[in-house]
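Student: Sequence:
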Amino acid sequence: MSNDVKNDADKLIEYSDKIEIIQEQQLQIIQYNNEKLDKVIDFAGKLVTVGELINENKRLDNERINLQNQTAQILCKHQRNMTIIEKRFAERGLVFSKYFEVIDKGLETGNDNLVFMGLSAVNNLVISDPLQDIQNTLRALESNDTLELDF
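Counting with my numbering, you get residues 68 to 218 for the letters of the sequence shown.
Honestly, the hints are just simulated from the structure, not real lab data.
Just so it is clear, CB atoms sit at the ideal spot from N, CA and C, and this is done for glycine as well.
Treat the hints loosely; a few may be bogus.
Each computed SDA-like pair below joins lysine to any residue, with the alpha-carbon atoms no more than 20 Å apart [what the hints assert, rightly or not]:
hint	residue 1	residue 2
1	Lys-165	Ser-187
2	Lys-154	Ser-164
3	Lys-165	Leu-181
Now the in silico label distances, taken between C-beta atoms and shown as ranges [as the list claims (entries may be wrong)]:
hint	residue 1	residue 2	range
4	Met-184	Leu-142	41 to 47 Å
5	Asn-100	Asp-71	20 to 26 Å
6	Asp-128	Ile-97	43 to 49 Å
7	Leu-205	Ala-111	54 to 60 Å
Please model the entire structure based on the sequences and the hints provided.
Tutor: If you want it as structure tokens, here you go:
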């Protein structure tokens, strides 16, 4: 029986050694899998970062387009306002010229009433504020109300 016990003990030692080898191999496999899993997690993190960058890029593109639209609207309003101002002052200059023609004609003909009417008209035009008229026009254009034109 001693032989049997010795054989059994040898087999146990042999199995124990094999179990240790298997455990070491399993540990190596687990470590290898953990390394690969870490790489997958790192790659997934990079994908998330790339996705965030793409989303941020799209957001910035939209913001750029909005700013371009706002700039175009501002430029359009500026051009419109400048045109209104130029036309209003050109119109005012034309009216002054006509009033002075009336005054000149009154002086040439000696018609004091014509001179007085021309000077009175010039005085009223000078007193009136052209910028207020322009502001009223611009305010009317900016509002969404229907413009009623009186001819």
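Student: Next step is simple, just say for each hint if it's right about the structure.
Tutor: Each hint, compared with the structure:
At most 20 Å may separate the alpha-carbon atoms for a hinted pair to count; Lys-165 and Ser-187 meet this at roughly 13 Å. Pair hint Lys-154 plus Ser-164 holds up; C-alpha atoms about 15 Å apart against a cutoff of 20 Å. Distance check on the hinted pair: Lys-165 and Leu-181 sit about 12 Å apart at the alpha-carbon level, within 20 Å; holds. The hint said 41 to 47 Å for the Cβ distance between Met-184 and Leu-142, and at roughly 44 Å that hint holds.
Restraint check, Asn-100 to Asp-71: a C-beta distance of roughly 42 Å breaks the suggested window 20 to 26 Å. Between Asp-128 and Ile-97 the CB atoms are about 46 Å apart, so this pair conforms to the stated range of 43 to 49 Å. Taking the beta carbon of each, Leu-205 and Ala-111 are about 57 Å apart, inside 54 to 60 Å as hinted.
Hint compliance for this structure: hint 5 is the single one not met.
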